[in-house]
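Student: Sequence:
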Amino acid sequence: MSRQQEKIATRDAYGRALVELGARYPEIVVLDADLSRSTKTHEFAKAFPDRFFNMGIAEQNLMGTAAGFALAGKIPFASTFAVFATGRAFDQVRNTIAYPGLNVKIVATHAGITVGEDGASHQALEDIALMRALPNMTVIVPADATETARAVAAAAVHRGPVYIRLGRPAVPVLFGEDYKFRLGVATILREGRDAAICATGVMVAEALRAAEQLAAQGIEVAVANFHTIKPLDVETVVHLARKTGALVTAEEHTIYGGLGSAVAEVLGEHCPVPLVRVGIQDRFGESGSPAELMEAFGLTAPYIVRAAEIARWRRDRWAGRSC
Numbered sequence: 001m002s003r004q005q006e007k008i009a010t011r012d013a014y015g016r017a018l019v020e021l022g023a024r025y026p027e028i029v030v031l032d033a034d035l036s037r038s039t040k041t042h043e044f045a046k047a048f049p050d051r052f053f054n055m056g057i058a059e060q061n062l063m064g065t066a067a068g069f070a071l072a073g074k075i076p077f078a079s080t081f082a083v084f085a086t087g088r089a090f091d092q093v094r095n096t097i098a099y100p101g102l103n104v105k106i107v108a109t110h111a112g113i114t115v116g117e118d119g120a121s122h123q124a125l126e127d128i129a130l131m132r133a134l135p136n137m138t139v140i141v142p143a144d145a146t147e148t149a150r151a152v153a154a155a156a157v158h159r160g161p162v163y164i165r166l167g168r169p170a171v172p173v174l175f176g177e178d179y180k181f182r183l184g185v186a187t188i189l190r191e192g193r194d195a196a197i198c199a200t201g202v203m204v205a206e207a208l209r210a211a212e213q214l215a216a217q218g219i220e221v222a223v224a225n226f227h228t229i230k231p232l233d234v235e236t237v238v239h240l241a242r243k244t245g246a247l248v249t250a251e252e253h254t255i256y257g258g259l260g261s262a263v264a265e266v267l268g269e270h271c272p273v274p275l276v277r278v279g280i281q282d283r284f285g286e287s288g289s290p291a292e293l294m295e296a297f298g299l300t301a302p303y304i305v306r307a308a309e310i311a312r313w314r315r316d317r318w319a320g321r322s323c
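Each residue of the sequence shown is one higher than the one before, starting from 1 at the first, in the working numbering.
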């Protein structure tokens with residue numbers, strides 16, 4: 001059951017999920033880089049002070065220590081802002097976590113342009129690309145608070161490194177308590193025959209709004225939530241391509257290396273159909289409110305509508321080609 005009238009930040013859902021999981025799994029430890037009130041790991045610190053470690057403003061040490069905890073049999077959750085988790089500490093994530101395939105969960109908040117007024121220096125727009133390129137790394141981008149709780153629980157029992165990307169502002173709650181999350185399996189939220197929108201993170205809500213606007217024009221588009229960017233659900237991508245012949249991807253991330261690139265790779269290898277990618281073009285972010293930036297960077301529902309119209313036009317122009 002949808003609860004779209006509610007808004008909860010995914011980072012808040014993360015803090016609450018950590019406390020619940022901490023009671024269930026005594027081997028969970030949490031590390032933070034002096035940002036615990038922002039990442040919401042302070043909730044875990046209050047509940048389990050002996051299992052919480054503030055590593056200071058030193059993300060490289062944060063990741064190295066998390067690797068050590070994993071080697072000792074613990075389940076470390078390492079949290080900081082996305083731009084620091086993936087950029088500042090990339091060498092440690094690559095060589096001490098991903099390379100040996102250690103059981104470390106990197107949960108990064110404040111990703112994307114919806115960080116808002118903090119500006120380009122704090123807006124991670126390339127973090128999915130960086131993490132997706134690492135062997136052994138699973139990459140998850142939840143769409144709402146409910147999915148965040150499910151994703152964090154799934155990460156806790158998954159063996160191996162996981163990167164979970166969370167945001168700063170409150171976002172609509174799309175899923176009810178009966179929502180089932182399966183790692184690596186996309187969720188089709190709306191059926192349609194004219195085109196399909198593959199969305200992730202905050203863009204899932206925008207994709208659903210775009211589908212409603214297209215339906216008012218008599219155009220029925222499918223909407224799929226790709227919460228797991230890696231491993232990508234290849235079967236669902238191919239299914240949507242064969243069913244509609246026209247795809248759109250929507251992500252709050254650069255169009256290079258993220259969901260759009262992953263879907264393009266699948267289409268190129270399995271089922272070439274027209275694809276239009278909605279995302280951040282080849283530019284850095286800037287300061288502004290989340291709503292202003294979503295509009296300025298072309299990430300709102302009307303831009304997805306336009307992308308679907310272009311994809312359909314290309315499909316019809318190439319009529320007769322199929323996979």
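Note that these hints are calculated values from the structure, not bench results. Honestly, I wouldn't trust all of these hints.
Computed Cβ-Cβ distance ranges for the label pairs, DEER-style [unchecked claim]:
no. : residue 1 : residue 2 : range
1   : Gly298    : Ala58     : 25 to 31 Å
2   : Arg182    : Ala23     : 19 to 25 Å
3   : Glu292    : Ala72     : 42 to 48 Å
4   : Tyr99     : Ile57     : 54 to 60 Å
5   : Asp118    : Leu71     : 20 to 26 Å
6   : Gly101    : Ile310    : 36 to 42 Å
7   : Glu117    : Trp313    : 36 to 42 Å
8   : His270    : Gly176    : 32 to 38 Å
9   : Pro49     : Gly288    : 22 to 28 Å
10  : Lys7      : Asn61     : 33 to 39 Å
11  : Pro302    : Ala23     : 42 to 48 Å
12  : Arg24     : Asn95     : 28 to 34 Å
Note that the structure is a prediction, hence the values are computed from the model and not measured. Beta carbons: idealized from backbone N, C-alpha and C, even for Gly.
Student: Each hint: holds or not?
Tutor: To see whether the hints hold, each was checked on the structure:
For Gly298 and Ala58, the hinted distance range of 25 to 31 Å is not satisfied, since their beta carbons lie about 36 Å from each other. Between Arg182 and Ala23 the Cβ separation comes to about 24 Å, which falls inside the hinted range of 19 to 25 Å. Our hint of 42 to 48 Å for Glu292 and Ala72 holds, since their Cβ atoms are close to 46 Å apart. Tyr99 and Ile57 have their C-beta atoms about 25 Å apart, which leaves the hinted 54 to 60 Å range violated.
Checked against the hint of 20 to 26 Å, the pair Asp118 and Leu71 fails, with Cβ atoms roughly 34 Å apart. A hinted range of 36 to 42 Å holds for the C-beta pair Gly101 and Ile310, which are about 41 Å apart. Distance hint check for Glu117 and Trp313: the Cβ-Cβ separation is about 38 Å, which falls inside the suggested range of 36 to 42 Å. The hint said 32 to 38 Å for the Cβ distance between His270 and Gly176, and at roughly 33 Å that hint holds.
In this structure, Pro49 and Gly288 break the distance hint of 22 to 28 Å, their C-beta atoms being roughly 38 Å apart. For the pair Lys7 and Asn61, the beta carbons lie near 35 Å from each other, so the given range of 33 to 39 Å is met. Our hint of 42 to 48 Å for Pro302 and Ala23 holds, since their Cβ atoms are close to 45 Å apart. With their beta carbons about 31 Å apart, Arg24 and Asn95 fall inside the hinted range of 28 to 34 Å.
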